[in-house]
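Residues per chain, in single letters:
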Amino acid sequence: MSALAYRTLGLIWLGAVLFFLYAPILVMAAMSFNASEFYQLPFRFSTQWYARLADNQEILDAAARSVLIALCVTAIATTLGSMASIAMFRHEFRGKRLLQVLLFPPIAIPWLITGTAMLIFFFGVGLGRGTPAVIIGHVALAIPYVIVVVTARLATFDPTLEEAARALGADAWTVTRRVTLPWIAPGIVAGALFAFAVSFDQFVVSYFLSEPGDSTLPVLIYTAIRKGFTPEINAISTIIITLSMTVMLIAARYSKFGGDR
Amino acid sequence: MAIHPAGQRRLGVLGLLSPAYLWLTVAIFLPLSAMLYFSVLSDVPFGDTDWHYSLENYRAFWENPVYATLLWKSVKLGLMVTLVSVLVGFPCAYVLAKVIRGRARETLFLLVILPFWSNSLVRIFSWAIVLRGNGVLERSLNAILPFEVDVNLMFSTAAVVIGLVHSYLPYVILTSYLGLQAIDDSLIDAARSMGAGKLTILARVILPLALPGVLAGAVLIFVPVVGSFMEPRILGGRVGTYYGTVIEDQFVAVFNWPLGAALSFVLLAVVLGILALASPILRKAQT
Chain W
2 MSALAYRTLG LIWLGAVLFF LYAPILVMAA MSFNASEFYQ LPFRFSTQWY
52 ARLADNQEIL DAAARSVLIA LCVTAIATTL GSMASIAMFR HEFRGKRLLQ
102 VLLFPPIAIP WLITGTAMLI FFFGVGLGRG TPAVIIGHVA LAIPYVIVVV
152 TARLATFDPT LEEAARALGA DAWTVTRRVT LPWIAPGIVA GALFAFAVSF
202 DQFVVSYFLS EPGDSTLPVL IYTAIRKGFT PEINAISTII ITLSMTVMLI
252 AARYSKFGGD R
Chain Y
261 MAIHPAGQRR LGVLGLLSPA YLWLTVAIFL PLSAMLYFSV LSDVPFGDTD
311 WHYSLENYRA FWENPVYATL LWKSVKLGLM VTLVSVLVGF PCAYVLAKVI
361 RGRARETLFL LVILPFWSNS LVRIFSWAIV LRGNGVLERS LNAILPFEVD
411 VNLMFSTAAV VIGLVHSYLP YVILTSYLGL QAIDDSLIDA ARSMGAGKLT
461 ILARVILPLA LPGVLAGAVL IFVPVVGSFM EPRILGGRVG TYYGTVIEDQ
511 FVAVFNWPLG AALSFVLLAV VLGILALASP ILRKAQT
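Chains as they are written, first to last, in this note's numbering: chain W, 2 to 262; chain Y, 261 to 547.
I should point out that these hints are in silico values taken from the structure, not numbers from a laboratory.
Any given hint might turn out to be false.
[What the hints assert, rightly or not] Label pairs and their in silico Cβ distance ranges:
id	chain 1	residue 1	chain 2	residue 2	range
1	W	G170	Y	A442	41 to 49 Å
2	Y	A320	W	L250	46 to 54 Å
3	Y	P325	W	G229	30 to 38 Å
[Said to hold, decoys possible] Now the stretches of chain W that chain Y is said to cover, found in silico as 3 or more residues with beta-carbon under 8 Å:
id	stretch
4	26-36
5	81-90
6	174-183
7	216-226
Every residue gets a Cβ at the ideal spot worked out from N, C-alpha and C, and that includes glycine.
With the sequences and hints as input, model every part of the structure.
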């Protein structure tokens, strides 16, 4: 085969994979605008499911709760994660390697295990289930992502800039605020968006930690799916997926175009 | 009393690091320890239950073949999903890393990675709509093909595999892409100029160099798939009983937390074993 044939074959393969990745999402989005309750074709355009959504207090409450939790998680995880990244960047100390390795369990251990372990522990210490437990759990899952992203940004930072600022008489806080933070700001923004996505899309840990009747949006959707599908779930799912893809597109912009050029 | 500069520095480091790591301790490491403790209890130690230390939960795992069978079923599912993802994802990563250049590559790469950062539950749900009998897949196939076909993949192992591959495919594309991108094109040119054919270059130059990235992606897929429960529940229906769904049941339906904890811990041991085996490879992939 010629080089051109290989190239064409490769591009077809890539196109097929992209089709596989996006087709079901697009079908779901299309069906949320279909008038038929049982996903019947032919397709008739209707926005009735979105209108129904506006009247569904349970879904609206869960959506508001999910956003609120994600915002809390973003604020806490971004602050704590950025602090830890700066400390690890500035200083060499014994055990640093171990601290870096400790970031892997929250990412690498299946959420089923982490989630059930949290449930057991939070019950054991008397916190139980509910929104505070969900926030504590999500923050722990988000911190490693923030540290990884901010650390990657710090790797492009010249530490002699800090030395220069110190030599010119700036105290530690001024150095951080006026020199370090402005440089790593794109990394922190990207880390924050990752943290938001980790929390907003999180299902497994929320599922074990949220209380019935006080659940996040993904947990509510899971419960609803198990009872049977309705186009209302399509509508809310379409909104969710659009929102989280938008957040990630912005994050990609920040982490990539943030200042390397 | 003046604080020694070194002491002050140490305090600064501690102050910056400890909040994050205290949080991880409270929310990850202590819970995992608590789960280990629970797994050796006969009943939950809340209220006025009569509980004592016992290994009966682990004995249940050994004596009741159901658990081991389901764990093996989950491991097989993990291998299947990983294999399919690698076979589909590697060529895709290769095209992205070595065939396409410039802005098109950036855009396509982003398109491949983007679904991975969207809600996994919603994506599984979208497959349920596509795969159900008389659903979109069946109708579009019947519209294209000249003969009637009856496709109802919903509530089958195939549906579970499709959904999981869809969820985790971007992992292996991402890690393979990073591995492939690090290969110097002049190595490939050198092999070609010395007369190596396309297959020889692939087998002797590209694959060995890209292997750490591919394996890293494989591990990242295998581990969560072995512990999956939501995907089999939604797409598998009656055939969707796996090790993960049994653990889920212990916590949300049967309320046998000690048994659930023991089963989780067996799963954790399997996962840690795999991560330990793979860690030299993963470390190599990082550099």
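Has the hinted range 41 to 49 Å been met by the Cβ atoms of W/G170 and Y/A442?
43 Å, holds
For the stretch 26-36 of chain W, do three or more residues have a beta carbon lying closer than 8 Å to a beta carbon of chain Y?
holds (count 4)
Assessment of proposed distance window 46 to 54 Å (beta carbons of Y/A320, W/L250)
48 Å, holds
Count the residues of the stretch 174-183 of chain W with a beta-carbon closer than 8 Å to any beta-carbon of chain Y: does the count reach three?
Answer violated; 0 residues pass the 8 Å Cβ test.
Taking 30 to 38 Å as the stated bounds, is the beta-carbon spacing between Y/P325 and W/G229 within them?
34 Å, holds
Within the stretch 81-90 of chain W, is the number of residues with a Cβ closer than 8 Å to a Cβ of chain Y three or more?
holds (count 7)
At a Cβ distance under 8 Å, does chain Y reach at least three residues of the stretch 216-226 of chain W?
holds (count 4)
In terms of the numbered hints stated before, the structure departs from hint 6 and from no other.
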